[in-house]
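A.B. asks: Whenever a hint applies, use it, and build me the whole structure from the sequences.
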Amino acid sequence: MHETSMKLHRAEEERLAAVKDLEAERERCTQVENRVNELQEEIQIRDEAVASLQAKLDEGAASVDQAKQEASSAMERAEDAVAGETEAKEYSGKLQAALDKSQAACEHHQEVVAKLTADNLMFVMRLNKAEREVSELIRDKEELKRGLEEQEGPWFDTVLAQSLVC
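All residue numbers for the sequence shown refer to the numbering used here, where the first residue is 1 and numbers rise by one.
In case anyone wonders, no lab produced these hints; they're calculated from the structure.
One should not assume that every hint holds.
[Unchecked claim] Simulated crosslink set (DSBU-like; lysine-lysine; CA at most 30 Å straight-line):
| id | residue 1 | residue 2 |
| --- | --- | --- |
| 1 | LYS68 | LYS115 |
| 2 | LYS94 | LYS68 |
| 3 | LYS129 | LYS115 |
| 4 | LYS101 | LYS56 |
| 5 | LYS56 | LYS68 |
| 6 | LYS101 | LYS89 |
| 7 | LYS101 | LYS115 |
| 8 | LYS101 | LYS68 |
| 9 | LYS20 | LYS145 |
| 10 | LYS141 | LYS20 |
| 11 | LYS56 | LYS145 |
| 12 | LYS141 | LYS56 |
| 13 | LYS89 | LYS68 |
| 14 | LYS145 | LYS129 |
| 15 | LYS20 | LYS7 |
| 16 | LYS141 | LYS129 |
[Stated by the list, open to error] Have a look at the derived ranges for each label pair, beta carbon to beta carbon:
| id | residue 1 | residue 2 | range |
| --- | --- | --- | --- |
| 17 | ALA61 | THR30 | 42 to 48 Å |
| 18 | ALA62 | LEU22 | 56 to 62 Å |
| 19 | ALA61 | GLN40 | 29 to 35 Å |
| 20 | MET125 | SER63 | 26 to 32 Å |
Glycine included, each C-beta is placed from N, C-alpha and C at the ideal position.
C.D. replies: Below, the structure written as structure tokens:
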């Protein structure tokens, strides 16, 4: 009788330890799921930032096109100005200013495009890292679930067998 009581006591201790382990694993799963949710929210925020940056990039590209059109228009006016030397001298100053403005605008837009491209590259790198982290967390979660399910079956079978023997 004492031996049976000891077996029951050990089985109860093992059950309590297994329940404690199960709760710890559930807590870890909850933490992993929370981290996955946080990362997904961060990805959504970054996607919105990319969309915003893309809109700015499109605006910059439109400005570059407009600057090119302005430069092209200025060149046509310059060709017309060649017809008269006096008129050409007056106009060349204006043309040079327009060309300088166009080049400055073009350089500015190129800098904006370069910065946006660099920002996009950094974002894509962070996005890829976040996606890898999410994948790793999901794999960890699945492994923990599988481990939990594998431990749950044999333990219950052992306890059931011991309780039937008693």
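A.B. asks: For each hint, tell me whether it holds in the structure or not.
C.D. replies: To see whether the hints hold, each was checked on the structure:
{"no.": "1", "hint": "LYS68 with LYS115", "result": "holds (20 Å)"}
{"no.": "2", "hint": "LYS94 with LYS68", "result": "holds (17 Å)"}
{"no.": "3", "hint": "LYS129 with LYS115", "result": "holds (21 Å)"}
{"no.": "4", "hint": "LYS101 with LYS56", "result": "holds (21 Å)"}
{"no.": "5", "hint": "LYS56 with LYS68", "result": "holds (18 Å)"}
{"no.": "6", "hint": "LYS101 with LYS89", "result": "holds (19 Å)"}
{"no.": "7", "hint": "LYS101 with LYS115", "result": "holds (21 Å)"}
{"no.": "8", "hint": "LYS101 with LYS68", "result": "holds (11 Å)"}
{"no.": "9", "hint": "LYS20 with LYS145", "result": "holds (15 Å)"}
{"no.": "10", "hint": "LYS141 with LYS20", "result": "holds (18 Å)"}
{"no.": "11", "hint": "LYS56 with LYS145", "result": "violated (45 Å)"}
{"no.": "12", "hint": "LYS141 with LYS56", "result": "violated (39 Å)"}
{"no.": "13", "hint": "LYS89 with LYS68", "result": "holds (23 Å)"}
{"no.": "14", "hint": "LYS145 with LYS129", "result": "holds (24 Å)"}
{"no.": "15", "hint": "LYS20 with LYS7", "result": "holds (20 Å)"}
{"no.": "16", "hint": "LYS141 with LYS129", "result": "holds (18 Å)"}
{"no.": "17", "hint": "ALA61 with THR30: 42 to 48 Å", "result": "holds (46 Å)"}
{"no.": "18", "hint": "ALA62 with LEU22: 56 to 62 Å", "result": "holds (60 Å)"}
{"no.": "19", "hint": "ALA61 with GLN40: 29 to 35 Å", "result": "holds (31 Å)"}
{"no.": "20", "hint": "MET125 with SER63: 26 to 32 Å", "result": "holds (27 Å)"}
Checked against the numbered hints above, the structure breaks hints 11, 12 and satisfies the rest.
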